[in-house]
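Dock chain one against chain two, each of which comes alone in its own frame, and use the hints as you go.
Protein sequences, first through last, are from chains E and P.
Under this note's numbering, residues 405 to 545 are what the first sequence spells out, in order.
Under this note's numbering, residues 5 to 409 are what the second sequence spells out, in order.
Hints in this document: simulated from the structure, not taken from any laboratory.
Incorrect hints may have been included.
[As the list claims (entries may be wrong)] With a Cα cut of at most 20 Å, we get these calculated EDC-like pairs of lysine to aspartate or glutamate:
#1 P:Lys247 - P:Asp56
#2 P:Lys247 - P:Asp407
#3 E:Lys433 - P:Asp143
#4 P:Lys141 - E:Asp513
#5 E:Lys416 - P:Asp143
#6 E:Lys416 - E:Asp513
#7 E:Lys433 - E:Asp534
#8 P:Lys55 - P:Glu41
#9 P:Lys141 - E:Asp501
#10 P:Lys247 - P:Asp300
#11 P:Lys55 - P:Asp116
#12 P:Lys195 - P:Glu41
#13 P:Lys141 - E:Glu426
#14 P:Lys343 - P:Glu188
#15 P:Lys195 - P:Glu226
[Unchecked claim] Label pairs and their in silico Cβ distance ranges:
#16 P:Arg205 - E:Ala517: 18 to 26 Å
#17 E:Arg435 - P:Gln191: 50 to 58 Å
#18 P:Gly334 - E:Ala407: 51 to 59 Å
#19 E:Asp534 - P:Gly51: 53 to 61 Å
#20 P:Pro296 - E:Lys433: 26 to 34 Å
Where is the CB? At the ideal position from N, CA and C, for every residue including glycine.
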Amino acid sequence: MTALATALPGEKVHITTSPTTEPFWAAAKERRLVAPRCGRCGHFRLPPTPYCPDCQSREVDWVTLSGRGEVYSFAVVHGFPGLPDLTLVPVVVDLPDAPGARLVSNVVDIDPAEVTIGMALTVDFHPIADGWLLPVFRRAR
Amino acid sequence: MAGPNGLRDVAIVGVGATDYYKRGESWPRTTTEMACEAILAACADAGLSVKDIDGFAYYSGAGAGYGEKMDTADFMETLGIDEVTFTASLTSGGGGAAGSIGLARAAIVSGDATVVVTVMALQQAKHRLGTVFAQAKPDPINSFLQPSGLAGPGHLMSVLARRHMHLYGTTRDAFCEIALAERENAQNRPKARFRGVPLTREDYFNARMIAEPLCLYDFCQETDGAVAVLTTSIERARDLRQKPVPVVAVAHGGRREWGRAFAWMGMPDEYFASAGNRPIARRLYQQAGLGPADIDVALLYDHFSPMVLMQLEDYGFCERGEGNDFVLAGNIRYSPDPKPGQVPVNTHGGQLSEAYIIGMTHIMEGVEQMRGTAINQVNGAEHALVTGGPASLPVSGLILGRDER
Ligand SMILES: [Zn+2]
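Bound-form chain P, shown alone (with noise of 0.2 Å):
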């Protein structure tokens, strides 16, 4: 049960990162390697040794990307951990992103495990996910979508963007700005791809149209690699080496009412021209007491831009409809210290511009401003707002805090 700040029983306590590379890249190294790296990492980052591991959180089927599959048993052989006393995933794909540390909570909490470790690694020299619906083998049900050439995800969230565009007069400079604003929190990323590589307005509207009324720049990059984060108990993480980031709220499912969402397309409007995700806010803000304006940095899963600018409506940054005036006042840029109503939105420059690690940067970027090491740090931030791709169910959110010990 929450208190009145919140969950704050367990904590993330270690993570780590592979180096990013553009699709297909990161050849001849494998998926398992850079799992393991990130997982090495992550425990250097905590002080535990990979034996302190217990238990594995996955989320979209412990996929790795969307084509192989990560396996708990290579990981025990492959690094040598002795035995594991819980391993589960969170169904569907990217949508349980910042859900599995909730399942990491579930499994400390009943008492199942102690240290348990969520990892996601991609590598797409086989799969491509931009376009992997071009490839998929029919089945009965995508035999109601596939034939009409919806080749990808972007080209699916196209339609939803469409629509918010005729409900609520939403605009591309809308979409633009929230490209340039990623961009723009990458220039000083190491990792980025993009680093170093501005990106223009007119860059913006002279871009390749894909699926419109999106472009290239509204879509996330296609990337390999792989990053792991340590979830343990709040009393175990106060005795480590990093200081504990508790989990002041965590949910995932969400409604009929969105379902598969752009897998089905046949969502009543408010939902369609949505991000799915507001019955996981209305939880989390029940949980941790809190509402938007408590929240100082919101990392928000950015697969297309569109669905950034959905989930600040769904969060209650802005009212359904508003989210285009609200980004192009300019409220989800980075400040170190913003003002009342702005939301630094993404300041590890997101999948769009940083990397596509299936929502896992997100929740990084949320630890690194709890500790106050982030790179693009809101200066004094409490709180971190983490999501999950808005897709198939189950959606999901994760709010960070400051261990207030």
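Here chain E stands alone, though its shape is the one from the complex (with noise of 0.2 Å):
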């Protein structure tokens, strides 16, 4: 039997916001995943900046997406200093309703040996350092 993958423990993932990825953080609080879209062109973009890449615009409109996402590309990780036995699959997140962005974030309770590319995901919360709560994907059912 493989080791299940996990996540990092909660209380070593520290996160910092500053006022334009902010938005993307408090809504994961309430277990939404957002992304900014462009509020000129409609272009995503992630991780979020004050401008958008297109067309220069500063307007954005933060999108509630559905959570579904598809695994893009990933890794196995096998150790993490100080945390020898612990097994990552981080994944790099395509989201369907926002293309063009992406996440990176871990799957978490899979055999990863049977994560795939293609392979349908759902988020996920988890609880992190300081109360805030960080995106991680599930096999979708």
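This is the structure in structure tokens:
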């Protein structure tokens, strides 16, 4: 039996925000996955940045996404400094309802051997330091 | 402007290096002291006085590794350099290694400086580069990356390698072949950490998986040490001790589609499974009036074995997606007399098997190949390609040649 993939222990994960990125994390705290969409041309981008790279607009609509995702690529990481027995599946996620934007996250509670590119995912939220919630992904059922 | 035979207005005239140490083992030496040893050795090699240096052209933001900084004023005070007329750095990290010679050239052709040194020193007593992100302080942008547990650059690049395998059927056998070929090249290198320590296919496939699909031997070493390179005008170069090694082409930069690369992961498919070097390749070949078939030896930045494969594609030694078969056909192995279509890669053992000084050993090997003095010499080699590390922009490349006079 292979160890199931987990996320890093929540108390070890620290994030910081800026005025540009804060709405993403504020929504995650409410268990909503959001992405910034340009208010002028509709282009999605992640991580959030202050200007639309396509039209240079600063207008942003924070769109609540379905939470569906798809594995674009992934790694299977064995061990982390101080946590040699940990198995992680860091994943680059395509977001079908935010085309062009990707999230770097984890697939959790899965045998790493079962993860494949193209696998359908659904978001979940994992408590981390300072009361934040981190979007992670599970295999879609 | 490049002539029909490339730039050839400046030349590398001196190279120098310290011994290479395993991570942390250079202590109680300091980065400043090691950098100065490399600079003095480069001056001795060139037949110049350290007082002839009037320019500094760094990369990686003049970082000494990714923890400490180098500083021109420190070097002036320590070495007795009287006056500098140029001191500048390329931005970001090891991607600019080869391109730093272009910065030196910019100083020289503009008339700002006459003898320019490029130096890198690193010591990993405090900061271990292999898992650098695990200790990094969170910031608003890396908060979108670090929580995933991708603890170091190799972990990030494993994701690119996986995508390449998915798109093109690339196999771990090819990554193994890169590791084995470079290890073989290191066997007779006096300073190589893995001199006399051959690597077998069995070793490779039994090794610890760090970030699948990458294992221990896909990761470069973590080294302490320093390397310095001196660049001057081609005219002055002809009066110095060594045969001048002219800069035939040099470029740094890259496209937004690559951008922050694996610190971003937003690259469209044709860039995601690449080394981000295709725009650099195009510019180099244009400047030089050359193509991949004219490159006699390729010193490709090898922080991680899959990035060697992807650079072979970016630089046109094979088509996109054919890196696997190209490598497995034995085309990158060292031979003193390679056949058409073959290109010996990292004849010095590279960062996988000689030492990791953030790209500087590749420049040094390119110089030795063009002088005809390399330990694993490619007979009659006329052009050496040297690249900087596939990473956040800039990425960079350099073609060195032989002086035609
Ligand atoms: Zn826009």
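Checked hints:
1. P:Lys247 - P:Asp56: Roughly 19 Å between the alpha carbons, so the hint for P:Lys247 and P:Asp56 holds.
2. P:Lys247 - P:Asp407: Distance ~8 Å between P:Lys247 and P:Asp407 Cα, so the pair holds.
3. E:Lys433 - P:Asp143: Holds - the C-alpha atoms of P:Asp143 and E:Lys433 are around 18 Å apart, at most 20 Å.
4. P:Lys141 - E:Asp513: Violated. P:Lys141 to E:Asp513 sits at ~27 Å, over the 20 Å cutoff.
5. E:Lys416 - P:Asp143: Holds: E:Lys416 and P:Asp143 sit about 15 Å apart, inside 20 Å.
6. E:Lys416 - E:Asp513: Satisfied, since the Cα-Cα distance of roughly 19 Å is no more than 20 Å.
7. E:Lys433 - E:Asp534: Between E:Lys433 and E:Asp534 the Cα gap is close to 11 Å, so the pair holds against 20 Å.
8. P:Lys55 - P:Glu41: Status holds; Cα separation ~14 Å.
9. P:Lys141 - E:Asp501: violated, 32 Å
10. P:Lys247 - P:Asp300: holds, 18 Å
11. P:Lys55 - P:Asp116: holds, 16 Å
12. P:Lys195 - P:Glu41: OK: P:Lys195 and P:Glu41 at ~16 Å, within 20 Å.
13. P:Lys141 - E:Glu426: With a Cα-Cα distance of about 17 Å, the restraint between P:Lys141 and E:Glu426 holds, given a limit of 20 Å.
14. P:Lys343 - P:Glu188: Satisfied, since the Cα-Cα distance of roughly 19 Å is no more than 20 Å.
15. P:Lys195 - P:Glu226: Roughly 15 Å between the alpha carbons, so the hint for P:Lys195 and P:Glu226 holds.
16. P:Arg205 - E:Ala517: 18 to 26 Å: Between P:Arg205 and E:Ala517, where Cβ atoms are some 23 Å apart, the hint holds.
17. E:Arg435 - P:Gln191: 50 to 58 Å: holds, 57 Å
18. P:Gly334 - E:Ala407: 51 to 59 Å: violated, 38 Å
19. E:Asp534 - P:Gly51: 53 to 61 Å: Taking Cβ atoms as reference, E:Asp534 and P:Gly51 lie about 60 Å apart, which means the hint holds.
20. P:Pro296 - E:Lys433: 26 to 34 Å: violated, 52 Å
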